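Chemist: As numbered in this note's numbering, residues 110 to 202 make up the sequence shown, in order.
For the record, the hints were derived by calculation from the structure and aren't laboratory data.
Every clue listed holds true.
Using 25 angstroms as the maximum straight-line C-alpha spacing, the simulated DSS-like pairs for lysine-lysine come out as follows:
1. Lys144 <-> Lys187
2. Lys130 <-> Lys187
3. Lys144 <-> Lys130
4. Lys112 <-> Lys187
5. Lys125 <-> Lys144
6. Lys125 <-> Lys187
All values derive from a computational prediction rather than experimental measurement.
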Amino acid sequence: MAKATARHILVASEAKCLELKAAIEAGADFAQVAKDNSTCPSGRQGGDLGSFGPGQMVREFDTVVFSAPLNVVQGPVKTQFGYHLLEVTSRQD
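Let the sequences and hints guide you as you build the complete structure.
Modeler: Structure representation (structure tokens):
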């Protein structure tokens with residue numbers, strides 16, 4: 110069964126999500142940006158979501174996590190919770 114590990118940052122607006130993505134792409138540390146900005150409890154761990162399989166996260170999230178290249182920040186991804194930046198750190202098929 111497929112498994113992935115990922116980290117994410119959750120914010121309320123697409124504009125904030127884009128601002129944070131630009132900061133990360135300019136060299137800001139993903140984990141620190143998550144700690145400082147994410148509204149998800151995982152933000153305290155730098156956005157780390159641990160390991161999970163398909164169907165364990167919301168559909169929009171799953172689609173990105175199980176198709177995106179590794180270690181490349183993806184997003185904004187809109188879900189019922191808000192706007193996410195995602196980074197897949199590993200995946201086993």
